[in-house]
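Visitor: Read off the chains here:
4 protein chains.
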Amino acid sequence: MKKIGVLTSGGDAPGMNAAVRAVVRTAVHGGAEVLGIERGYHGLMHGQVRPMGAASVGGIINLGGTILRTARDSVFKTEEGRRMAARVIEEHGIEGLAIIGGDGSFRGALELNRTCGVKVVGIPGTIDNDILGTQYSIGFDTAVNTAITAIDKIRDTSASHDRVFVVEVMGRHNGFIALEVGIGAGAEAVLVPECGRDLVSLCRKLQAGQGRGKMSCIIVVAEGAASASDIATTITQITGIETRISVLGHIQRGGNPSARDRFLATRFGHRAAELLLEGRTNLMVGIEMGQVVELPLERVVAGRRDLDTSLLALVEVMSI
Amino acid sequence: MKKIGVLTSGGDAPGMNAAVRAVVRTAVHGGAEVLGIERGYHGLMHGQVRPMGAASVGGIINLGGTILRTARDSVFKTEEGRRMAARVIEEHGIEGLAIIGGDGSFRGALELNRTCGVKVVGIPGTIDNDILGTQYSIGFDTAVNTAITAIDKIRDTSASHDRVFVVEVMGRHNGFIALEVGIGAGAEAVLVPECGRDLVSLCRKLQAGQGRGKMSCIIVVAEGAASASDIATTITQITGIETRISVLGHIQRGGNPSARDRFLATRFGHRAAELLLEGRTNLMVGIEMGQVVELPLERVVAGRRDLDTSLLALVEVMSI
Amino acid sequence: MKKIGVLTSGGDAPGMNAAVRAVVRTAVHGGAEVLGIERGYHGLMHGQVRPMGAASVGGIINLGGTILRTARDSVFKTEEGRRMAARVIEEHGIEGLAIIGGDGSFRGALELNRTCGVKVVGIPGTIDNDILGTQYSIGFDTAVNTAITAIDKIRDTSASHDRVFVVEVMGRHNGFIALEVGIGAGAEAVLVPECGRDLVSLCRKLQAGQGRGKMSCIIVVAEGAASASDIATTITQITGIETRISVLGHIQRGGNPSARDRFLATRFGHRAAELLLEGRTNLMVGIEMGQVVELPLERVVAGRRDLDTSLLALVEVMSI
Amino acid sequence: MKKIGVLTSGGDAPGMNAAVRAVVRTAVHGGAEVLGIERGYHGLMHGQVRPMGAASVGGIINLGGTILRTARDSVFKTEEGRRMAARVIEEHGIEGLAIIGGDGSFRGALELNRTCGVKVVGIPGTIDNDILGTQYSIGFDTAVNTAITAIDKIRDTSASHDRVFVVEVMGRHNGFIALEVGIGAGAEAVLVPECGRDLVSLCRKLQAGQGRGKMSCIIVVAEGAASASDIATTITQITGIETRISVLGHIQRGGNPSARDRFLATRFGHRAAELLLEGRTNLMVGIEMGQVVELPLERVVAGRRDLDTSLLALVEVMSI
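Residue numbers (this note's numbering), protein chains in the order written: chain A, -1 to 318; chain B, -1 to 318; chain C, -1 to 318; chain D, -1 to 318.
No wet-lab data here; the hints were simulated from the structure.
Hints may contain errors.
Copies of the same chain are indistinguishable here, so a pair counts whether it falls within one copy or spans any two.
Said to hold, decoys possible - List of simulated lysine-lysine pairs, DSS-like, C-alpha gap at most 30 Å: (1) Lys0 / Lys75; (2) Lys1 / Lys75; (3) Lys203 / Lys1.
So that you can see chain A by itself, here it is in the shape it has in the complex (with noise of 0.2 Å):
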């Protein structure tokens, strides 16, 4: 393969940057071109690529975000988009895409590849953790240690002032970040899309630990389960208990990324070139048990990873 195109899609996070540097150092390395394209799939439609050496993905691997940008375009979704899209690939001779995204943008890959033929390999990049076929995704370690670390300052204040906190926490459709940051800061409660809560025995639990001298508490909350404001409201009409709380937001997605994901985005950047170089198409590079694998695209849109749910019993065990 003489020329491979390297993109961002959808949500940013930390450790596009590294990927983006593993793929392109591998490409070169292995004597093909690379193209940079801007802003994921809008920018492939209107052409706006830039040559990339090795040099030029210097200094990236520690930033958060990613320097070609990212942008969602409802346009690629039709025909006429992806055509433009075809059009712009074969103008710049590209013959192999290596993509950076969720499973949003991995469909959008196998459209493309449907549409014009150019290769296609998925880099799985989203902090939410929920792509098939890949224990874990770029950022999500770096979005579960920036949320404990702000869960740290909170409990600072919560343990000064004998107060509930109710933290919201990414995850629309998952309680990934949500499990695993609650196991990590140490909260007494964990609420996830995933299950149906019980916040009456919760609001027993909690006023047990008053009873016996427990008066700060965090309960973290996955923004898909619930707002922290309506579990907040809840907990005091119940309890009388007085409640804060604080939605963490946009800090979980952005940031410096955590050396997992820097070496997980090398490792996955590298084997994606590695795979377009060999002229492979339609395949995800992933980690399973330890080890990088590749997967077809095809199996892992089909559908999303579950949560062990199990590890909430944990949760309750440690929140004794």
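Here the structure of chain A is known, so what remains is to put chains B, C and D in place on it, guided by the hints.
Guide: Structure of chains B, C and D alone, referenced to chain A:
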């Protein structure tokens, strides 16, 4: 003076523990006994006191929050509340009190002195930095650093997605945090309660920026000036530009104190204990023109520090 | 099982407190009493024990080091030393012991089991990550993150001054830390004890880089491979290029545990306590292929984990 | 003034980029052109200049190091060197120069002004904080924070192992960093070049501490006072107490600037550019008693700031 009490009152602030440590060790070094009073004036009224030796404050200089805990108590504001406190003071033979908190706490200290003659010295501890007579209060520097670090992360996403973010920081009555955060984070605009806000010209500036390719932007707003959500909505209404919001909230209040807050708190606590050992009263320690000073509490509680709004012009120049 | 002891042994590692917390709360939840043993086997020999309830491990999940303290004691390696420990175990009615440490500590655990029949379960806690039978040990992830964050800072100076830096990281016998740090920090070369080092070709690479304008460079060396100072001197001798060194040292061992270390430690401590409650012995808990597993301590202490040196090739490709 | 140059010189310091940004944007705002000069006086002599617009300094306020790079060049200290620089200045029509660096750089600035009449304004940028005429120089606050954060980690190990650590911090000629780090980290002793050190009484204190159970201890030493290794050896010789050492080294020089350094650098850069725009010369901007001031460079280079060694008494009281 033979026996000194120390308490933290009002909202917790990073560095309060460093101040407690400095009070305790200075007093012990000066030959006095120290009693730690828990939960501020609430604990004082209810006799929640414990003896503190030099070793009892080991390993706390780096901890956020306050190991003495803090509380607000409306009963203390009554004559009856202060009599309860006076009884506890007499019972335990407390001759002097170091009060770490804000101006509300200092008003209470003056009342307490009037009630029972206990010597009182205040140590300014509040992230708001609005206490008259001191350039800095304990916790402000940490809060500003925390907010800036958070906005650094948000900027990753802002830049990657070409997005306008409105970030709400603490500051119910003033813009101290907002202004220093805005300058340090390189914000494109800062809205503070002290100044009327001209959203129309802000919108014009945003549009002009977008016209020359500057798509991403951070606007910092003090909670007392407006809600992030209101500002974001208005910007979208006027300009059609998509916005995102982030409310930093309680993370600004906790966390390990910064170097400056530890240094300041240590010097404040040291001087406060020295003043009590000398039998002085109704004073606050502060920092003015780089020097630790003492000044009458009466003067401190007579007003609030004013923000140097001329620095808003600096934001303007920096965001061209 | 009615009474469980828990101790930390060998070098401290971030996350040990999270593991202690998980052992204590799981045991209490399972109806057992828990004794905390201070200063590892040293404290066990000298009866330095204290009862630990669920509340005694509150607020420690985020603390580095170990609240139980740790020590090395050569006496415990003697028959007499183990008899002293056995007497303390008998006196206090300790039926099971959770030992958090490395393979030396696990050898001691097996000897102790032989001496007096106490049930023992090991929890891998060492930043070195070289324990057989577990992909990760507690503290490794934090140590790698700390080192990478430090090198990010050094790179600021390296890039600003166009300088070559040689950075020495921990790893007396292996290159686990060096390899992940090198990849995550984007190092131009990594030297590990497992592989002979070819300084001549490294020098050629440095010179080639400088020829095309790449003046700054980070070389990561495991302390067991060479000293930073020796490598730097040799590079200067061969190439004439000025170098700087940095020995990261003990900062790698402390600090608040990372998300992953807290998660791992909590799961390890939980499982270890469960195993003891079930009356099992001579096991270590570990993580393999993403799952928490248990395996015979005999097998664990029979060797050391090997580094996947194939990843060094990744460093080569990434540093073109 | 129509054209202003800006350069960074000497050792890099966090916040230099914020100062560059402030100079550039203030000058552009004032209607002047700006040239960035790379690698300090070296680049000035060799014509390494590039035009800088307002956008060229976007996204750098939070970066450590200096995007303009820095260097030391002995040729510039010669008459010939300064003539080379003067020719470049003339060729490019540079009328004023903002020099970010330490007193050596300011001496060069004065010489340059004598040589060719270019207007020069200095901005104090050095982590050492020893520049006469300003209470703080850019980078000091970040360096102190970095060192304290590192020692917080070391204290985890110190406390867990009951060990004495000797930590060496930067400060070849003075104890500014050592003193603020020692106070902020809660060190038991601080050794600075300004004061003779009495190791015998330090040892007596350590032994007394151990006598009452205080086994762990942190001693901070400025590199200019002694090497950590020498101090540690002497302590062991006198007391028999086992010690560990840590040399923090270059990590103190890099990293994202703290809030205070960004704020200071922005104000300094702004004022320096204003002064140049007004046609003034041979000045340094500084902060005294909380106000940004300007003062003659001649006076600045006539000496060094003195450390307030009375604060060492504070260390004594805090470490009882």
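Visitor: Could you check the structure against the hints above and give me the numbers of any it violates, in ascending order?
Guide: Of the numbered hints given earlier, the structure breaks none, since each of them holds.
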